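Participant: Take the sequences, apply the hints, and build the full model.
Going by our numbering, the letters in the sequence shown line up with residues 1 to 88, in that order.
Keep in mind the hints are simulated off the structure, nothing from the lab.
These numbers come from a predicted model, not from an experiment.
All clues given are correct.
Derived lysine-lysine pairs resembling BS3-like cross-links, with alpha carbons at most 30 Å apart:
(1) LYS79 to LYS13
(2) LYS46 to LYS79
(3) LYS79 to LYS6
(4) LYS46 to LYS26
(5) LYS46 to LYS13
(6) LYS9 to LYS71
(7) LYS9 to LYS46
(8) LYS71 to LYS6
(9) LYS9 to LYS26
(10) LYS13 to LYS60
(11) LYS6 to LYS53
(12) LYS53 to LYS13
(13) LYS53 to LYS79
(14) LYS13 to LYS26
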Amino acid sequence: MEELAKEYKRSIKIMSEGIESLNRIKEILEFNSADPERDPEVIAMKERIAPLKTMLNELKTVSREVSNYYKRGWWRSEKYTLNQRKSR
1 MEELAKEYKR SIKIMSEGIE SLNRIKEILE FNSADPERDP EVIAMKERIA PLKTMLNELK
61 TVSREVSNYY KRGWWRSEKY TLNQRKSR
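Facilitator: Written out as structure tokens, the structure reads:
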């Protein structure tokens, strides 16, 4: 599990760097555009970045689950396991 967690962390770093790069390009496009809200290139870049941010957040969540999976006291997420909290 430790090696898997390391791979997730590497993937997070790579994806974060890619998103940062795309954000810089988007900022340049917005700066050079007369109307950034209607510029098709800016809109396309925003549409490209949005799902990557969602993927990055999911990747971080899964990475946290994998990193802590065997730690005592860690409650494994119901989203990624068959665990269910018992209602009292």
